[in-house]
Amino acid sequence: MKKIYSVLVENRTGVLCKVAGLFSRRNFNIDSLAVGETDDKSVSRMTIVSSGDARTIEQVEKQLNKKLDVIKVKTFYEDESICRELLFMKVKYNKTNRRDIMENCEIMGAKIVDMSTSLMLIQMCDTPERIQILLDMFKSISIVEIARTGCLALQKCTETE
Amino acid sequence: MIGADAIVKCLELENVEYVFGYPGVAICPFYNSILSSKIKTVLIRTEQNAAHAASGLARVSDKVGVCAVTSGPGATNVITGIATAFADSIPLVVITGQVNSELLGSDVFQEADITGAVESFVKYSYLVRNANDIPRIMKEAFHIANTGRKGPVLIDVPIDVQNAEIKKFSYPDSLSMRTYKPTVKGNMVQIRKVADKLSKAKRPIICAGGGVLLSGAENSLRKFADKHGIPVVTTMMGIGVMPTKDPLYFGMVGNNGKPYANRAMNEADLIVMVGARVADRAISQPDFVMENTVLIHIDVDPAEIGKNAQPSIPLVGDAKHIFDDLLSIDFESDYKEWINNLRIYRQKMEPQRKPNPKYVDPAGFITTLSEKMKDNGVYVADVGQNQIWSCAYHVVKKGKFFTSGGMGTMGYSIPAAMGAKLGAKNRQVIAVCGDGSFQMSMMELATIKQHDVPVKIVVLRNNYLGMVREYQHYKYNDKYSVVDIGTYPDLSMISKAYDIKYLKLSNMKKADEVIDEFLKGDETVLLECIIDPYDLV
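Protein sequences appear in the order of chains A and B.
Under our numbering, the first residue of the first sequence is numbered 15, with each subsequent residue one higher.
Under our numbering, the first residue of the second sequence is numbered 28, with each subsequent residue one higher.
Honestly, I wouldn't trust all of these hints.
As the list claims (entries may be wrong) - Below, computed lysine-lysine pairings styled on DSBU-like, alpha-carbon distance capped at 35 angstroms:
1. K88/A x K220/B
2. K208/B x K76/A
3. K208/B x K80/A
4. K80/A x K90/B
5. K90/B x K86/A
6. K220/B x K17/A
7. K212/B x K86/A
8. K32/A x K166/B
9. K88/A x K208/B
10. K90/B x K76/A
11. K32/A x K194/B
12. K80/A x K220/B
13. K195/B x K55/A
14. K195/B x K32/A
15. K88/A x K212/B
16. K65/B x K194/B
17. K166/B x K55/A
18. K86/A x K224/B
19. K212/B x K32/A
20. K76/A x K250/B
21. K220/B x K86/A
22. K76/A x K224/B
23. K427/B x K76/A
24. K55/A x K208/B
25. K250/B x K80/A
26. K195/B x K86/A
27. K76/A x K212/B
28. K170/A x K208/B
29. K399/B x K67/B
30. K36/B x K80/A
To be verified - Heads up, incomplete: computed chain B residues facing chain A, CB under 8 angstroms, no partners named:
31. T142
32. E146
33. S147
34. Y151
35. I171
36. R205
37. T206
38. Y207
39. P329
40. A330
Rather than coming from a laboratory, the hints here were simulated on the basis of the structure.
Ideal Cβ placement from N, Cα and C applies to all residues, glycine included.
Start from the sequences and build out the full structure, keeping to the hints where you can.
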């Protein structure tokens, strides 16, 4: 199962590079990475999705903790957390498939946020699995470009927090 | 006061005595400021050796080694030295000059992204943007370098920051770093578990690594081993933890170690691994050793524990604190039978060499040399066959043994010996290298003479890159490729050029006499020993 590392880091130049470099140097794979400021402007949160066996995961966590720019590392599995990803997808449409595209979007809860006479920009914010379903549904449609944020995640709410 | 003055002031407050380095325009403000300080500067001949010299000084004196070099090539040249220190957890503060901060990123003359380049070899690095941050950064750098798992810290200072006026200099008394609080004291619950497991074990062994020396835990470890009669082996970096002739010491482990030390590790039912990373060179198959063994892994770096082998009891903390705590717990222990067996192994399994009488026998030579050395002498081994022979045959009394164990950097011994001598002037310091490693650092003979640093140098000469030749002997059936290093230079003439006393030993007949002559007095001597080109470790 995919492991999610929620890493609080000092909001300084070069920190992203250091953390990402750690993954590549130790031969750990990154599936996705998202970064943004937190409520404290001096702190950023990196959400990194990675896969690997238990030993690799433990090593990643320890190596992250060793970095002096890392304040705190939380790790959890996908099913212990709420994960969302944002997708933008630009597609070509014509008279015959316009209706289909709109219906697909409606079913999946995606929004059409921009359009021209031949292009539509679709937005969807959902779990990585549901985003994959939408992409599968659009296989027969000509996709111009795609941008995905990668997963953002926080642990589910528990009474002990 | 400008930024450069502030750096020097901080070095003074950290009691730094020597700065090793090489100037260039980008570090000139610093080298100008240091003129008005008592801190002594040593002009090394290539930047890599500044870090090695600082490493030698750090290892002999338990202080942080400091070097200062210029931007661009000065900074990139020092990287190998930094990586060498990082692999062996040696505390260094490396100051690099940098181009004007407004020009950063524009690839101007002698600009190199050094903080980016060294990221995987430093414990931490700084690019100073504001001169007013210098006191805090310097304080943090020394603290980070010399606490927890020690290591190099790099501070990159653009020339305009060195020249900028500082509003008010105040050196912080204390630090609060929310991301850096190394665990020093071991968890008492875990420590009691260790004592409990030891009391139940029949064949325990302590395997000591370089971390024991770095935390100054030798005496505590020896006392603990003595109290309970537990045998001790070491890794290459742990040589020096036990005197060679201690009845409880059973040599170095690993693929270049003593067969009886490895057998002891394999037969042990409990291993206390302390300050060692359980890497390939020490233990070839960590999982194999582990199967029926209780593994207790003590390390100040939590990331080392479980990296290469899963321990039964992980114990994070500083080795000295932990052994002191262990000494305070009394438990039953009787391992006499085990020790007796190990002694039999040692007698039976000591490798028998058949030295060629036409040449100097490295084993016999190193044993005699180290026995004749002053008791607290410092022996610095280089990298190659000389390192393996040194590890196997050097006799530790009360002295120190240094080598580049993790990175295996050729050319380490001469600059490191120079740093060690400056860090401990009353000690005898000897560098032992091969003809390959000698030629990687022989430019430092000039530094040694110019700064009057009386280190003694042994060159084991075989006109080959012996370690690689030996590998090609086994792996490629003596098809030698790029290992013949030839007969140049003539070392007697090199000695003459540098005005250094020269001695030569061609076989073992006069070994005693020549070694006595070599060790006599506190002066630099170069001793060339002709060894069999086809000798194997």
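Structure-based check of each hint:
Proposed proximity of K88/A and K220/B is supported: the alpha carbons are some 28 angstroms apart, at most 35 angstroms. The hinted pair formed by K208/B and K76/A meets the criterion: a straight-line CA distance of about 14 angstroms does not exceed 35 angstroms. Taking the CA atoms of K208/B and K80/A, the gap is near 10 angstroms; set against the 35 angstroms cutoff, the hint holds. Restraint check for K80/A and K90/B: the C-alpha separation of about 22 angstroms stays at or below 35 angstroms, so the hint holds.
Taking the CA atoms of K90/B and K86/A, the gap is about 30 angstroms. The hint holds against a cut of 35 angstroms. Pair hint K220/B plus K17/A holds up; C-alpha atoms about 32 angstroms apart against a cutoff of 35 angstroms. At roughly 21 angstroms between alpha-carbon atoms, K212/B and K86/A fall within 35 angstroms of each other, so this suggested pair holds. For a cut-off of 35 angstroms, the pair hint linking K32/A to K166/B stands: about 22 angstroms separates their Cα positions.
Annotation: proposed proximity of K88/A to K208/B holds, straight-line Cα distance about 18 angstroms (limit 35 angstroms). Distance restraint check for K90/B and K76/A: the Cα-Cα separation of roughly 27 angstroms lies within the 35 angstroms cut-off, and the hinted pair is therefore satisfied. A hinted pair counts as satisfied when its Cα atoms are at most 35 angstroms apart, and K32/A with K194/B qualifies at roughly 32 angstroms. Restraint check for K80/A and K220/B: the C-alpha separation of about 26 angstroms stays at or below 35 angstroms, so the hint holds.
Of the supplied pair hints, the one linking K195/B and K55/A holds, its CA atoms being roughly 27 angstroms apart against a limit of 35 angstroms. A C-alpha spacing of about 32 angstroms is found between K195/B and K32/A, which places the hinted pair at or below 35 angstroms, so the restraint holds. With a C-alpha separation of about 24 angstroms, the suggested pair K88/A and K212/B falls inside the 35 angstroms cut-off, and the hint holds. For the hint linking K65/B to K194/B, the alpha-carbon distance of about 24 angstroms falls within 35 angstroms, and the restraint holds.
Our distance criterion of 35 angstroms between C-alpha atoms is met by K166/B and K55/A, whose separation comes to about 25 angstroms. For the hint linking K86/A to K224/B, the alpha-carbon distance of about 33 angstroms falls within 35 angstroms, and the restraint holds. Under the criterion of a C-alpha separation no larger than 35 angstroms, the hint pairing K212/B with K32/A is consistent with the structure, at around 29 angstroms. Taken as a hint, the K76/A and K250/B pair is honoured in the structure, with Cα atoms around 32 angstroms apart against an allowance of 35 angstroms.
For the hint pairing K220/B with K86/A, the CA-to-CA distance comes to about 29 angstroms; that is within 35 angstroms, so the pair holds. Restraint check for K76/A and K224/B: satisfied, since their Cα atoms lie roughly 26 angstroms apart, inside the 35 angstroms limit. Taken as a hint, the K427/B and K76/A pair is honoured in the structure, with Cα atoms around 32 angstroms apart against an allowance of 35 angstroms. This hinted pair checks out: K55/A and K208/B have alpha carbons roughly 22 angstroms apart, not beyond 35 angstroms.
The hinted pair formed by K250/B and K80/A meets the criterion: a straight-line CA distance of about 32 angstroms does not exceed 35 angstroms. The suggested pairing of K195/B with K86/A holds, with an alpha-carbon distance near 33 angstroms, which does not exceed 35 angstroms. Of the pairs offered as hints, the one joining K76/A and K212/B holds, with about 19 angstroms between alpha carbons and a cut-off of 35 angstroms not exceeded. Between K170/A and K208/B, the direct Cα distance comes to roughly 29 angstroms. Compliance with the 35 angstroms bound is thereby established for this hinted pair.
The suggested pairing of K399/B with K67/B holds, with an alpha-carbon distance near 32 angstroms, which does not exceed 35 angstroms. Simply put, K36/B and K80/A have alpha-carbon atoms about 30 angstroms apart, close enough for the 35 angstroms limit, and the pair holds. A least Cβ separation of about 7 angstroms between T142/B and chain A falls short of the 8 angstroms threshold, and the interface hint therefore holds. Because the beta carbon of E146/B sits about 6 angstroms from the nearest beta carbon in chain A, less than 8 angstroms, this interface hint is met.
A least Cβ separation of about 5 angstroms between S147/B and chain A falls short of the 8 angstroms threshold, and the interface hint therefore holds. Using the Cβ-Cβ criterion of 8 angstroms, the hint placing Y151/B at the interface with chain A is satisfied: the shortest such distance is roughly 5 angstroms. Because the smallest distance between the Cβ of I171/B and any Cβ of chain A comes to about 7 angstroms, under 8 angstroms, the interface hint for this residue holds. Nearest Cβ of chain A to the Cβ of R205/B: about 6 angstroms, under the 8 angstroms cut. The hint holds.
Evaluation of the T206/B hint against chain A yields a held restraint, the C-beta minimum of about 5 angstroms falling below 8 angstroms. Using the Cβ-Cβ criterion of 8 angstroms, the hint placing Y207/B at the interface with chain A is satisfied: the shortest such distance is roughly 5 angstroms. At a threshold of 8 angstroms, the smallest CB-CB gap from P329/B to chain A is about 5 angstroms, leaving the interface hint in force. The interface hint given for A330/B is met, as the beta carbon of that residue sits about 4 angstroms from the closest beta carbon of chain A, less than 8 angstroms.
In this structure, every one of the numbered hints holds.
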